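*Asks:* Next come the chains, spelled out residue by residue.
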Amino acid sequence: MNWNRREFLKRTSAATLAAMAAGAPMTSFLSSCNKKKTITSKADTIILLWMAGGMAHTETFDPKKYTPFEKGLESNRVLSTFPSFPTSLDGVSFSEGLQSIGSVMDKGTIIRSYVAADLGHILHSRHQYHWHTGYEPPQTVAAPHIGAWIAKELGPMNPVIPAFIDIGQRFTVGEGEELKAFHTAGFLGNEFGPFLIPDPSQGLDSVRPPVGMSSKRFERRNQLYNDLISQSPVGEFGSDYQKESLKRSMEQAYILLNSPEAKAFDLSQEPKEIYDIYNTGRFGLGCLMARRLTEQGARFISVTTEYEPFMGWDTHENGHTRLKDMKKQIDGPVAQLIKDLERTGRLDRTMVILASEFSRDMLMEGRPGAKVLDQVDQPDVIQDIKNYGMHRHFTDGCSILMFGGGIKKGYAYGKTADERPCKTIEKPIKIDQIHQTIYHALGIAEDAHYVVEERPFYTTPDGLGKPVMELFGQPEKA
Amino acid sequence: MNKPITNLFTTKKGCMLTGMLFMLSLLHPLLLSDGYAAGLQEVAEEAQPFWLWQFLGRLHPLAVHFPVSLLLLAAVLELFTFKNYRSSLRPGINLLVYIGASTAIIAAVLGWLLSTQEEYGGDTLAIHQWSGYATAFLGVITLAFLFLVERKKQQTFVKPYRSILFFTAFGVSVAGHFGASLTHGNEYLTSVLPWNQDNALAQSGSKFNFVSLRNDTTKLSEAQELDLNGQIRAIFAHNCYSCHSAEKIKGELRLDKKRMVFKGGKSGEVIVPGNSGKSELMRRITLPHNHKEVMPGKGKKLSEHEIDVIKFWIDKGAPWPDVADGQSVFRVAKLEPRMPALPASKLQSPIDAFVDSYFKKKKTAWPEVVDDKTYLRRIYLDIIGLVPTPEEQQAFLQDTRPDKRAIWVKQLLNREDDYAMHWLTFWNDALRNDYTGTGYITGGRYDITSWLYKAIKTNTPYNQFVKELISPTDDSKGFVAGIKWRGTINASQRTEMQAAQNVAQVFLGLNLKCASCHDSFISDWKLTDAYAFANIFADTTLEINRCDKPTGKFASTRILWEELGTIDSTAISAVKLQQLAENLTKPANGRLYRTIVNRIWAQLMGRGIVEPVDAMDNEPWSQDLLDWMASDFVKNNYNIKELIYQIATSKTYQLPSVGIKDANSLIAQDFEFKGMLRRRMTAEQFSDAISSIIEPVFADTALHFDPYNPDKHKKVKDSKKKKEQKKVVKLVNDSKEEPANALHPNMTFVRASLVKNNSFLTALGRPNRETVSTGRDSRANLLQALELTNGERLNEVLQRGAETWKQKYPGTDELINELYRRALGRKPQPKELKVAKDVLGEKPTTEGIQDLFWAMTLHPEFQLIY
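Heads up: the protein sequence lines correspond to chains A and B, in order.
Positions 1 to 478 (this note's numbering) are the ones given, in order, by the first sequence.
Positions 1 to 866 (this note's numbering) are the ones given, in order, by the second sequence.
Here chain A stands alone, though its shape is the one from the complex (with noise of 0.2 Å):
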């Protein structure tokens, strides 16, 4: 078995890969324009954490000054509604229950900058649309995913691990559609989707012969494919593209479903404690599951806490205590995350991004100066304790954490108001900049784009978007 494998990677890796970075007929209208730019890569992998609801930047990574509960409290006095604490990153402050991710925080950069499109009425889909296409929605072609655009230039790191991970996103959830309309490769192609893994801790399913069915008769099944086609008249269709990709990604499942690099899957296989911290919920045992999942060579994973309206981050009543929690389930995996690859040294090869569609505040709907909808009824004197917290959707200033792959290390990025509106007041960053950024550590040139519809189709709108270079390097010693 071992030995079919190895030989197998020997004989094809190079050839899949190959072949993964060819067009399909659809994506024939996919000349691939890219200039073959020099960029020394930074990273080989990206982990996106996603806070998906919309995470409250004053509760979380840029807090501001906090304001006690009591009964007929005035919102607008309500910036915060949890004390700081200092991080490991001098003059860096978050708000509590963050504070094992503060304790790595001297590990990466926060940006507390990023400004969220304008979109009109606030929607979580389409800003998350955004978010990960860096294209709002609607599109006339079908945007792909930030992952896909990571597949489809740079294939996977090991052929049998596919190269775009979606961890912990149920699709079967409120605007299930919206989302899907996003978990895509779009026009770049099925090939370069996403990887599906709702449940982390189903994940070992995902990966291995179906369920009851023994490794012995997974063998003979497959073999039993492999003589019947070998056996059959249909040799004289000659080396079609149709049925050697059918036979070449048979032979890739066949290898994933029975490799040793599907134990990644298996989060039964870590050690207790260490499993234990994790285990915060799907997000938390998500985030084991990509550093797992580095170890055998992956390239691009998603990790969510899953949107569902009304759940999640996506506080609309009784934020306070909600954070509570939500703060506990991310806390501790993504600080261990950080600290296992730092360990293992793998931190420098993978970047970590920590991000949400935008921001919420008490009061602010969307921006200061573009009227939009008020969706949250919040009254203006707090007598109940669900009244307590950023319930409003706001989108000029959202933080962003990022670890690894270049990234300075201790450094702090723009900067938001004290007072209300909190937003942006030093060097807002867009999208296409996060994206560009993200590109740059992996070497893929700015100007990558692909003619779809006899149109190019950039990586960000009209390839315009520029790379943060003061992200990366060493911050200077003061």
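What the hints contain is simulated information worked out from the structure, not anything from laboratory work.
It cannot be assumed that every hint is accurate.
Mimicking PhoX-like on lysine-lysine, the simulated pairs with C-alpha atoms at most 25 Å apart in a straight line are [stated by the list, open to error]:
1. A:K216 x B:K843
2. B:K404 x B:K373
3. A:K216 x B:K837
4. B:K484 x A:K180
5. B:K834 x A:K247
6. A:K216 x B:K806
Predicted model only: the values in this text are computed from it and were never measured.
Following the hints, put chain B in place on chain A, whose structure we already have.
*Replies:* Same frame as chain A, but now just chain B:
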């Protein structure tokens, strides 16, 4: 070799040669030394080779003219001495031979120098080089024989001398010809022939002949400038854009925009108006064929004619009037219909007659048509999307009527519901119609399934079909109504613009997407054209947005081709749409009908006559066939079934399938038609095949659209919509299906085209129908293979199937035979039977059967339409 030459020193006649041979003898020892040659190579690789060798090398083109003219002349004169060797011409001929042969050697040496010094290579060079060396060698032999005759007085050598001389003369002509090809390009000679005139120029419809103006010093008129510039831009577009336009900017040079052309590239300006001699562009396009810096670097070189036009244009000051952008440089298909005469052919079907003349032109022979079994499987999958049952296959094989293939095609077309359930998939993709998806949640999107199904089933004439979609009833409005996304959206995605884009793409094979944001770079369509067209779908006149920025300007309201009729801009949108529907579906709109016949052809043949099928301005592989089919389609009252019948019964459709190695060659513009292209089954065909052969893939409750009870679909839709409209903020998932009634007796299983999209179908290629989709990817990939290998759905279906089959077919042989019969329409071969039996054993287990099913469904012979 040196002997005759040294003897020449004693003659007067040899004096002239002495000097040249002296030069040669100086070089001679150097050339033989390896070390020197290696050094030369090294030098050649560096930027500046030693000047003397380079200089001498470049004397080659000059030196060659001596042997060419002298030896040829000697050969000609020799003809006059056949009767009398000692004619008065003899001394002259001898002199010609002496000098000619010697210069041939010198030229060969200089040529060798040149080839090592400069960047030459390729076949032409090789032929030239070796024929040159051969000529020089022959020259020496001629010289030797002549010497024997003249000095040794041996008359017996006269004949050999003459033969060798003529060989030499022939050799020098060959070498000379290929040398000229190197310098002037392959097509130097042939390009001026009237039947080889260049297409690019022909297409641009040049109005004046620049040659007549070449020596005219007067200034060009404005019209002439415009025309000349059009020719130049056509040459650029067809020869240079692939590397030097917005899409790809090699050497930082763009030739698609006036400003960029004159700005130049990385190495500075490429055009010096008024001075072609100093223009880099001119230098690069006139470099020798195999030179490293020659342009175009890839593909066909510019013809002499094109080079002349460019030279003339630059010398005239490179005029580029600002209004020139109105001139087309893109291929534009004709709008009007055309009914070409049927070519004379022994073949009955007009399609075959056109293909026959195409094959003749391509020197392709007609292969034998496929056997009955293959044909039957094809028409089943192509017309109703199902594989034939063994009983049907048996009946077909036993049918002895000579026209049984046509009869069976007709029968399949008459299976209205099966036909409609199959073609529903194609139209759902194209019309962006789906049962779930973005937009439905807020009532911003309309399902047209009931209308669509009925239209397909009743074979609504295509003109009527298009009319009802463009000027819709409540049931068919989903297509032009588009998807209304919540929040602000890009101006180019407002629903009116979506309608304009989608109508253009689906019905007219036209990409209007570029032009809905800015003037198109890939066609002549302008932003105002797109807005004028979109205005037809709007209640008010839309403000033009350029790249999402309002311009404060407004376009008129008109159809893309005004000759199709006018639209009353003051009317309400319903009236405008009615006018649009009437005007677009006129028979005069050949484009509408070419687009649909090309789509249907592509569905049945694996590739359109024009590809991509959404780009109808591209060149068809047979214009006549496309034009005839489109016109005939109109003549047949826009009858889609008739069209399918025509194709499916043609000999052309019955040819053996053709495979392609590289998916990219599918849309290559130099595609050569040889027969139907093999395809993989679509997600729906695959799923339905499993359902009919093994076990239904979808539970009865998964039926989303019930064709036998379409009203129910509508009611559910409406009640859902109302429910959803009430929830503005509270978005609650509504995944629970209403309990379904029992399936209609005509339905033995739920066909995949009638269920909501799911991960199984998605993995197999059913698109997310938020944008128009007019083709499926035929290539397998890892995610798909994973879904098929360990996906729950297939696994579970095959397991259930195995349990049923275990009861039904207790014997191993019986079971294997039955599976092969149903799935592949044939008996297993002895080896196949053995392999399968080894797994199943004497008493098949559920697991064994399930595994056999799995291997069978993933078998290429099962998955391909061949």
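*Asks:* Each hint should be assessed against the structure and marked as holding or not.
*Replies:* Outcome of the hint check:
1. A:K216 x B:K843: holds (19 Å)
2. B:K404 x B:K373: With a Cα-Cα distance of about 13 Å, the restraint between K404 (chain B) and K373 (chain B) holds, given a limit of 25 Å.
3. A:K216 x B:K837: Cα-Cα ~18 Å, so holds.
4. B:K484 x A:K180: The given pair, whose Cα atoms are some 17 Å apart, holds under the 25 Å limit.
5. B:K834 x A:K247: holds (22 Å)
6. A:K216 x B:K806: With a Cα-Cα distance of about 22 Å, the restraint between K216 (chain A) and K806 (chain B) holds, given a limit of 25 Å.
Consistency note: the structure conflicts with none of the earlier hints.
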